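> Letter by letter, the chains look like this.
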Amino acid sequence: MIKGHPQLTRNGELKHLLTVEGLPRQVVTHILDTAAQFVTPAEGGDGELGKVPLLRGKSVFNLFFENSTRTRTTFEIAAQRLSADVQNLNINASSTSKGESLLDTINNLSAMHADMFVVRHAESGAPYLIAQHCPPHVHVINAGDGRHAHPTQGLLDMYTIRHFKKDFTNLTVAIVGDILHSRVARSDIHALTTLGVPEVRAIGPRTLLPTGLEHLGVRVFHDMDEGLKGVDVVIMLRLQNERMSGALLPSAGEYFKYYGLTPARLARAKPDAIVMHPGPMNRGVEIDSAVADGPQSVILNQVTFGIAVRMAVMSIVAGHNH
Amino acid sequence: MIKGHPQLTRNGELKHLLTVEGLPRQVVTHILDTAAQFVTPAEGGDGELGKVPLLRGKSVFNLFFENSTRTRTTFEIAAQRLSADVQNLNINASSTSKGESLLDTINNLSAMHADMFVVRHAESGAPYLIAQHCPPHVHVINAGDGRHAHPTQGLLDMYTIRHFKKDFTNLTVAIVGDILHSRVARSDIHALTTLGVPEVRAIGPRTLLPTGLEHLGVRVFHDMDEGLKGVDVVIMLRLQNERMSGALLPSAGEYFKYYGLTPARLARAKPDAIVMHPGPMNRGVEIDSAVADGPQSVILNQVTFGIAVRMAVMSIVAGHNH
Amino acid sequence: MIKGHPQLTRNGELKHLLTVEGLPRQVVTHILDTAAQFVTPAEGGDGELGKVPLLRGKSVFNLFFENSTRTRTTFEIAAQRLSADVQNLNINASSTSKGESLLDTINNLSAMHADMFVVRHAESGAPYLIAQHCPPHVHVINAGDGRHAHPTQGLLDMYTIRHFKKDFTNLTVAIVGDILHSRVARSDIHALTTLGVPEVRAIGPRTLLPTGLEHLGVRVFHDMDEGLKGVDVVIMLRLQNERMSGALLPSAGEYFKYYGLTPARLARAKPDAIVMHPGPMNRGVEIDSAVADGPQSVILNQVTFGIAVRMAVMSIVAGHNH
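Heads up: the protein sequence lines correspond to chains A, B and C, in order. Our numbering applies: residue 1 is where the first sequence begins, and numbers increase by one. Our numbering applies: residue 1001 is where the second sequence begins, and numbers increase by one. Our numbering applies: residue 2001 is where the third sequence begins, and numbers increase by one.
Next comes chain A alone, as it looks inside the complex (with noise of 0.2 Å):
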């Protein structure tokens, strides 16, 4: 379905984001960088609090075929901040309820001049799908789709590291948890490497973690008291509860007693290690409250820089129409 840059202009320079897998190191430090615009000095960014214009008489589509009431809000603030005007869409509450096709729904939205889509959808490549078969000028961001993508999430993940960290040539990364159905791990992944950080570790049970993970050029750990030690970045991800009724994990409490983030277990990591998690949080499954309320968590730093990157995004790919 990916065929050559399908998010780049001729150019090179982004027309829609769909994944973080490809692009390349020069593209997102340009997000990067322009999010730092839209971070206020006293969350140590340079930017100013507030509306910017950039996009004003813009329409944004926030077309959501997956619930997600947090992500959605955050793409919400983001485009008011830039002055643009939202249309929320719960599609299965819609049209394809009376059994429209999703291309006649993205022709009828481009038809009444959406300037951009924001899509989160349960099947992987949808996105991809809109992008390829949408206008010239309309513009596709994908907030997840299935388990493949979730590259505003992993771009803002790559701004918190950027800000705590300075430098990522020198860093070891581990990624905690249920990898194998995770967007989220997947772009920090690509991510990561992208930026050259010479060592990412995922860590978690084996009926968690995908297979080839080695051929991404990352270590693999199941003992999480070794995969922890002398980390500088813990990136926990969440447990999803609908896997603890199937046969893949024995209960809560017994995950927790292995991959749960507790003081004890960070204390294996660097004393300065920032522990990261992309919520909502199951505290007391993957995480301590201890650990997530604690001074090492940038985890509301992330919620905070979230939005500047998906300003960052939504303005670069805006300004670059063909």
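One or more hints might be untrue.
With a straight-line cut-off of 27 Å between C-alpha atoms, the simulated BS3-like cross-links for lysine-lysine are [stated by the list, open to error]:
1. A/K270 to A/K229
2. B/K1051 to C/K2051
3. A/K270 to A/K257
4. B/K1165 to A/K51
Now the stretches of chain A that chain B is said to cover, found in silico as 3 or more residues with beta-carbon under 8 Å [claimed, not checked]:
5. 14–21
6. 76–90
Please keep in mind that the hints were generated in silico from the structure rather than gathered at the bench. Keep in mind it's a predicted model, so treat the numbers as computed, not measured. For glycine and all other residues, C-beta sits at the position ideal for the given N, C-alpha and C.
Use these hints to put chains B and C onto chain A, whose structure you have.
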């Protein structure tokens, strides 16, 4: 329920838009001319893209007693482009479930300084009731009431026909399908007659055509090949799935066999005939994809013109306060 | 849960609005005076219609943990008129269903640069918890918590009484109905007492009046004719349908017989007495339509003033950042 011209002021200006029936030709033409100012040159109009301040500070309430994300979205976009503030109220989920009457709801919203109600209701006549009841500064736009009327759809269809055919007075227009249950068909027939179209045809099975069409000046056909012969415009109607389960029709496949618009059937019309559909389409039921996506289809133009026509109606009624 | 004045700054200025209880008279009066600037001359105020830029660039989050389209709409309109950006979050349908705690949700939204939370919650005290927890620049407005308080309703009722009666210090005010379950009644009683109303009466059946009303300085009546005698203001309460199915009341018809406000009963009050109701009304249960729509009813004025009072509260709290 309809006395005199409930939607016109004493000076003959449009105060509400409730139905196309009885609307003077010069009012219809004024709406279409105004809409042209909101269509961009790229789309064949004279307007500029972007927001205009005509409804700045005004509050538009979308009162959808019947769910229709598509229609609600078009009105919301139109209102946003006019710089209005928009409130979307799904009324089923709110006050009326607490036993509040329709008119109490209207009273309350009017007391909140509503300037305009866009009303969709499953019962014919509900927008009239609201227009008669609300205070003088409030305007009502019918976004579809029962089987009765869908005037903005009728008007955008007229805009589309005028755009492609220029002159109404030498046209033959065929409306095909479930005319019995269609408020779109009813609004189209009134508009076409008002604008001087000499021949309007209705094509469909006996079970889906209302009696008395002849009294409206409409020629009735049950054979599609015969009905399409030499027409300039084909307006296809959506076949509601619920009709199939009743006794009215044997099956979707059977329907398509007799009344589906295929390239072969379309060849019976004039070579430059245009094909319209109010959407959402049932591909393979009332229309073949080769036609829907073919060179004679103007279905997506209808969507684009629909935004402009709704902007025109909103700005015209808001300009006449008495 | 309430220590000191959790809603006031050290300088005695309003930072949050959580309850009317304990709010100093000058703060209440300042809110009412400010609201008058948002009421137009046609409605009896000094303000201009339209938008004001007081909250431009601010993000207001409507956090409705309990559904109330009507109340949410009034806050959304108030925020729009102040030029704020508004986010509507129906929290049941989102994060908390993924097991995220209330405080994690608040942390996340605060990290997205929320400036104000308008909170509706089925549990008494939830807005306090949020106010204690959120960062210093964030303001909380209670839009109704359990049976505890509904302060903006209390304040708009005071605005309405002041508008029609000018002076509080010579009034007799009767509150009629289900006071036991009513946060409106609780807020009204505190506000009336604070503003110096010499006689507040509670009228209702024993099963719907809480104990201890006398300690709040309220005179209790079980006979409506007696209780209404000579009053200046009648505040009717909504009778929740769910009360009828329990053991508290025999039937709606029976309730109306003893406590429904009819023209005959209203004649017991002063000739210029006004009739109020927080809405939505149960016509024929607690109030007769002849009264609801009669010359003494100021129920729709309450709605209009409610927008102005909510604008006043929002602009006042947003002006005091510490």
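> Are the hints correct? Go through all of them and say.
Structure-based check of each hint:
Between the alpha carbons of A/K270 and A/K229 the distance comes to roughly 7 Å, so the proposed pair stays at or under 27 Å and holds. Between B/K1051 and C/K2051 the CA atoms are separated by roughly 17 Å; this keeps the pair inside 27 Å, and the hint holds. Using a Cα cut-off of 27 Å, the hinted pair A/K270 and A/K257 holds, with the two alpha carbons roughly 22 Å apart. Restraint check for B/K1165 and A/K51: the C-alpha separation of about 45 Å exceeds 27 Å, so the hint is violated.
With a cut-off of 8 Å between beta carbons, the stretch 14–21 of chain A has 0 residues touching chain B; three or more are needed, and the interface restraint is violated. Note: the stretch 76–90 of chain A has 4 residues with beta-carbon separation from chain B under 8 Å; the three-residue rule is met and the coverage holds.
In summary, the numbered hints that this structure violates are 4, 5.
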